[in-house]
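Build out the structure end to end from the sequences listed, making use of the hints.
First to last, the protein sequences are chains A and B. Under my numbering, think of the first position of the first sequence as 1, with each following residue one higher. Under my numbering, think of the first position of the second sequence as 1, with each following residue one higher.
One thing to keep in mind: the hints can contain errors.
Unchecked claim - Pair by pair, the computed Cβ-Cβ distance ranges are:
hint	chain 1	residue 1	chain 2	residue 2	range
1	A	T32	B	K30	45 to 53 Å
2	A	E68	B	R32	38 to 46 Å
3	A	T32	B	F33	42 to 50 Å
4	B	L76	A	R10	22 to 30 Å
5	B	K28	A	V205	15 to 23 Å
6	B	H56	A	A148	36 to 44 Å
7	B	L76	A	I70	39 to 47 Å
8	A	Y198	B	L97	23 to 31 Å
9	B	K30	A	A148	50 to 58 Å
Since the hints were made in silico from the structure, they are not lab data. Beta carbons are placed, not taken as given, at the ideal position from N, Cα and C, and that holds for glycine.
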Amino acid sequence: MNKEFQVGVRDGIPIALGYFAVSFSLGIAMLTAGMTAVQGAVMSVSNLTSAGEFAGVRVIAAGGALVELILTQLIINLRYSLMSLSLTQKLDEKVTLWQKLLIAFGNTDEIFAVAMNHQKSLTLPYMLGLQSLPIVGWTAGTFLGAVAGGIMPRSVSVAMNVMLYGMFIAIVIPVAKKSRPVLIVASIAVFISSLFRYVPFLQGVSEGISIIICTIAAATFGAIFFPVAEETQEERPER
Amino acid sequence: MNVWLCILVMAVVTYLIRMIPLTLIRGKIKNRFVKSFLYYVPYACLMAMTFPAVFHATDYVIAAIAGVAVAVLLALKGKGLVTVAVAASATVFLVSLVCGI
Numbered sequence: 001m002n003k004e005f006q007v008g009v010r011d012g013i014p015i016a017l018g019y020f021a022v023s024f025s026l027g028i029a030m031l032t033a034g035m036t037a038v039q040g041a042v043m044s045v046s047n048l049t050s051a052g053e054f055a056g057v058r059v060i061a062a063g064g065a066l067v068e069l070i071l072t073q074l075i076i077n078l079r080y081s082l083m084s085l086s087l088t089q090k091l092d093e094k095v096t097l098w099q100k101l102l103i104a105f106g107n108t109d110e111i112f113a114v115a116m117n118h119q120k121s122l123t124l125p126y127m128l129g130l131q132s133l134p135i136v137g138w139t140a141g142t143f144l145g146a147v148a149g150g151i152m153p154r155s156v157s158v159a160m161n162v163m164l165y166g167m168f169i170a171i172v173i174p175v176a177k178k179s180r181p182v183l184i185v186a187s188i189a190v191f192i193s194s195l196f197r198y199v200p201f202l203q204g205v206s207e208g209i210s211i212i213i214c215t216i217a218a219a220t221f222g223a224i225f226f227p228v229a230e231e232t233q234e235e236r237p238e239r
Numbered sequence: 001m002n003v004w005l006c007i008l009v010m011a012v013v014t015y016l017i018r019m020i021p022l023t024l025i026r027g028k029i030k031n032r033f034v035k036s037f038l039y040y041v042p043y044a045c046l047m048a049m050t051f052p053a054v055f056h057a058t059d060y061v062i063a064a065i066a067g068v069a070v071a072v073l074l075a076l077k078g079k080g081l082v083t084v085a086v087a088a089s090a091t092v093f094l095v096s097l098v099c100g101i
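Here it is in structure tokens:
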């Protein structure tokens, strides 16, 4: 029980470091938008979403309507529902409803990624451990960013920002090395995502929508052409 | 508009997006297509978020390319998440430093 929590905490360290750097710049953006450091920290600890918060701050700064705020959050953060859906299949059978309510709160891109990479089925202690430091890092970074503006040199924050991408690469590459279908699915996702970035008439699509389309298209392709074998997907919870 | 109200609304919307699918689905999904789809979701999603965004996350594209190269190489060698993440970050820092001179 306790061991699971510790393993989770350890797995969360690189996420927490990356979050600290990213949220630092988020804090600066909040300050510029006229929010206080406390408001920034409360938004971060209650939302835990980089792209969603950045967009929300922009809407708030522009004095946008509440409907607009709801729509941006819905569109940008809809990818989390796909992740939560995928997460249900890896949760330990013993995880109860109220425990799921807790786990859902911190299901960010990075926490989801590391959780899916975990060798065992996911228990509540592991998930809480995994989420603990990143939540602290995200909130503290936002607060300090709003308080201390440009103290951290840009070269450092940019480099720390890349840490999160490095982690994504570290999760996908070893699996893609062994599994050709995963390599193909990942390549398709990158290809479509590049189209959204570089093809002029597709550039208007928001990042949140783009990620959803890439994920659904590539995963559907994989499911049609490389359906997983019945046994390999069976999760056997360690007891 | 009240900032606190905005924060509350954002938090509720985001939480519901994460919570509803997680609590709605109980037990293991049996359908082979859905199972396969969900198996591929993390890989597709992570790569769509990483590329090409990572190349625009730094001040110098060459620094990002170097960072990605180091990350891919170390990941191929089976290094852990922390090692790969820190090495990629350090590479970006050093290459950016050289570019900035």
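Do the hints match the structure? See the list:
A hinted range of 45 to 53 Å holds for the C-beta pair T32 (chain A) and K30 (chain B), which are about 51 Å apart. Distance hint for E68 (chain A) and R32 (chain B): a CB-CB separation of about 41 Å, consistent with the stated range 38 to 46 Å. Judged by the Cβ atoms, the range 42 to 50 Å given for T32 (chain A) and F33 (chain B) holds: they are separated by roughly 47 Å. For the pair L76 (chain B) and R10 (chain A), the beta carbons lie near 23 Å from each other, so the given range of 22 to 30 Å is met.
Roughly 34 Å separates the CB atoms of K28 (chain B) and V205 (chain A), a value that falls outside the hinted 15 to 23 Å. Checked against the hint of 36 to 44 Å, the C-beta distance between H56 (chain B) and A148 (chain A) comes to roughly 26 Å, which is inconsistent with it. At about 43 Å, the CB distance of L76 (chain B) to I70 (chain A) agrees with the hint of 39 to 47 Å. Range check, Y198 (chain A) to L97 (chain B): Cβ separation about 28 Å, and the 23 to 31 Å hint holds.
The given range of 50 to 58 Å is respected by K30 (chain B) and A148 (chain A), whose C-beta atoms sit roughly 53 Å from each other.
Hint compliance for this structure: hints 5 and 6 are not met, and every other hint is.
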